[in-house]
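Hey, can you work out the whole structure from these sequences and the hints?
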Amino acid sequence: MSAEKLIQLRGITKRYGTGDAAFLALRGVDLDIHRGEFVAIMGPSGSGKSTLMNLLGCLDTPTSGSYQFKGIPVEDLNKDQRSLLRRHALGFIFQGFNLLARTSALENVELPLLYRGYTRKQRHEMAREALAQVSLSNKERNTPAELSGGQQQRVAIARAIVTKPDTLFADEPTGNLDSKTTVEIMELLRKLNEDRGISIIMVTHEDEVAACARRIINVRDGLISSDTKQ
Amino acid sequence: MIAMLFNALLIAIREIRRNLMRSFLTVIGIVIGVAAVITIVTLGRGTTETVRQQISRMGNNLLVVRPGQGWGSSGAPQFSMQDVEAIRDQVPGIASVAPFVSNNSPIIYQDRNRTYDVQGTTPNYFIIANWKVGTGRFFTDAEVTESAPVCVIGETIRKELFGEGVDPVGSKVRVKSLTLEVIGVTAAKGQGGFSDDLDDNLITPYTTVIHRLSGRQGGRNFNQVMISGQKDYPTANIVADVAALMRERRRISASEEDNFNVFDSQQLAEVMSSSTKTMTTLLGCVAAVSLLVGGIGIMNIMLVSVTERTREIGIRLAIGARAREVLLQFLVEAVTLSCVGGLAGIALAYGCCYFIAGMIGVPFLFDPKINIVAFVFSAVIGILFGFMPARRAASLDPIDALRHE
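Protein sequence lines correspond, in order, to chains V and G.
With the working numbering as the guide, the letters of the first sequence map in order to residues 1 to 230.
With the working numbering as the guide, the letters of the second sequence map in order to residues 1001 to 1405.
Among the hints, erroneous ones may be present.
Said to hold, decoys possible - Cross-link-like lysine to any residue pairs, in silico, SDA-like; alpha carbons within 25 Å at most:
1) 121/V - 1399/G
2) 164/V - 1006/G
3) 139/V - 1016/G
4) 121/V - 1396/G
5) 121/V - 1258/G
6) 139/V - 1013/G
7) 164/V - 1014/G
8) 79/V - 1004/G
9) 229/V - 71/V
10) 79/V - 1396/G
11) 164/V - 1399/G
12) 164/V - 1089/G
13) 79/V - 1323/G
14) 79/V - 1002/G
15) 70/V - 121/V
16) 164/V - 126/V
17) 79/V - 1138/G
18) 70/V - 175/V
Claimed, not checked - Estimated spans, in silico, between C-beta atoms of each pair:
19) 1024/G - 28/V: 51 to 57 Å
20) 78/V - 1372/G: 38 to 44 Å
21) 1285/G - 80/V: 29 to 35 Å
It is worth saying that the hints were derived from the structure and are not from the lab.
In this text, a Cβ means the ideal position worked out from N, Cα and C, and glycines have one as well.
Encoded structure:
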């Protein structure tokens, strides 16, 4: 594994609210993640794992501390610059799939490409390729309602990887899936990590799911309580 | 910037297509508003034009001098041939003058007997009142001089007394004790400025009426004087000059009111056109309000749509859409909807105009100006009322938006 540093967190805190109602969700997190890693972030609800995930995914900014993504100080970026960083370097997979309803799988996968100035032909090609990678070439025209949960999540994964991001953020990717489909999806993520070298950072509360990752970070009360590599 | 706009248009069209029913409901207000404005203005113009045509059918720059004030002529003295000659010789700007006497009389042809307007005049009247020969010919000045028993009849009389397709020229009709030969039929004019039938008249030399019908000679025989003003000469001047002359001839003192009136068809045309124009403007404004309400409808649905599509906005933001791109998407969506609504409104207006114009017998006058104005107005409404929902969408936080149920 290459030792190139992808993510470096130093003394990250995140506070919600002000005054008496203030709540410290993260209380000084230090974390390094290298390119090509497959990391699972675990922890009970309220532990701060979602907050950590949102910060890592550049969807949010820390109250204090420094976050460097590939050497870029994220805390210094404004909203639009963070949007552009997400657009060009990150992919997202959500628990609820978050596909556009009444929209074909192909068009859903094309969605991120719309913001990247590709031609219609290029978009089609790239989206088809991404759908092929998640073995859904035969479902291009189907809308989410016509797909099973596992298929929907595969479309969402195709959407996340169609831009060829360095890093994939997966927030409870199997939370809405049965155990058999869970295995399928985790197998897919593992393949993307191993074959294509995409770094994956995943939040989960299921031990079996976390077991697929090569590194498990436990978060408790706003701090990293354990960090084990398998 | 252009690429971003094009992109926003692409995304907006996808969204509109994805929700056809919602899009349709969103634009229906604009469609109706635009259609109403264009239909009203177009029909209004058609009506104005019809009124103008009807009045111009009455004659070329026609002025009519009548005894008395208003429409009644009871008591006031009528006009003599000397009056007619004085007007002809002393009033500038006049193209033609004709004495005119008219009475409602029964006209008999074979077993048919109906009452029509029997008019006695000179051949000048045909020019003044813009009569054209339908069939046969008009009578001549010589026939006036010799009180010839000839007449020209209107299309209505021909139809009603002689029947469809019958040429009455050469036939004889009886008016009271007098037998007149029909020498011509006037080309049909249709309705006049008061929606009256202009074709139910029988025109004969005034001498025939006076000498043979009423039995009077000389004196004040005429209940109207028909005047045609020269083209481009202001009719108001003619009205003033004729009035001054008549006051002098009738010896009306400065403190007395006129015992005659001068009707100016151009002035009538102007008054009637301006009243239909006012009406059109008024109705157009009411319709414009409905266009505004349509715009509020767009804002309403777009606001609901932003709430309903919070997750979608969250996804877009998460995968890297900038706030301004989301703003532009929703703005372009609103503008596209309102423009499509505007175009559909124009199409609907055409259907309505065509149908209604045919129904109420008004010409269908295409006015590109009102179409452009209505279209631009609907686009502007899209921008104005699309902005607030678009800004709300753009200001969403991606994390909150994604969590939104």
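Practice problem: Please work out if residue 79/V and residue 1002/G have their alpha carbons no farther apart than 25 Å. | Solution: holds, 22 Å
Exercise. With a cut-off of 25 Å on the C-alpha distance, tell me whether residue 164/V and residue 1089/G pass.
Key: Violated. Residue 164/V to residue 1089/G sits at ~99 Å, over the 25 Å cutoff.
Self-check item: 25 Å Cα cutoff - pair residue 139/V, residue 1016/G
Solution: holds, 23 Å
Quiz item: Taken at face value, is the distance from the CA of residue 1004/G to the CA of residue 79/V at most 25 Å?
Solution: Satisfied, since the Cα-Cα distance of roughly 18 Å is no more than 25 Å.
Quiz item: Regarding the pair residue 164/V and residue 1006/G, is the alpha-carbon distance no greater than 25 Å?
Solution: holds, 24 Å
Quiz item: residue 229/V and residue 71/V: Cα distance at most 25 Å?
Solution: holds, 24 Å
Quiz item: Given the hinted pair residue 121/V and residue 1396/G, is their alpha-carbon gap at most 25 Å?
Solution: With a Cα-Cα distance of about 32 Å, the restraint between residue 121/V and residue 1396/G is violated, given a limit of 25 Å.
Quiz item: Would the pair residue 79/V and residue 1138/G pass a check requiring their Cα atoms to be no farther apart than 25 Å?
Solution: Judged against 25 Å, a Cα distance of about 90 Å means the pair is violated.
Quiz item: If you check the beta carbons of residue 1024/G and residue 28/V, does the distance land in 51 to 57 Å?
Solution: holds, 55 Å
Self-check item: Restraint status (C-alpha distance of residue 79/V to residue 1323/G at most 25 Å)
Solution: Within the cut-off at roughly 8 Å; holds.
Self-check item: Hint consistency between residue 164/V and residue 1014/G [alpha-carbon to alpha-carbon, up to 25 Å]
Solution: holds, 24 Å
Self-check item: Outcome of range test on Cβ distance (residue 78/V, residue 1372/G; 38 to 44 Å)
Solution: holds, 42 Å
Hints 1, 4, 5, 12, 15, 17, 18, 21, counting from the list given before, are not met by this structure.
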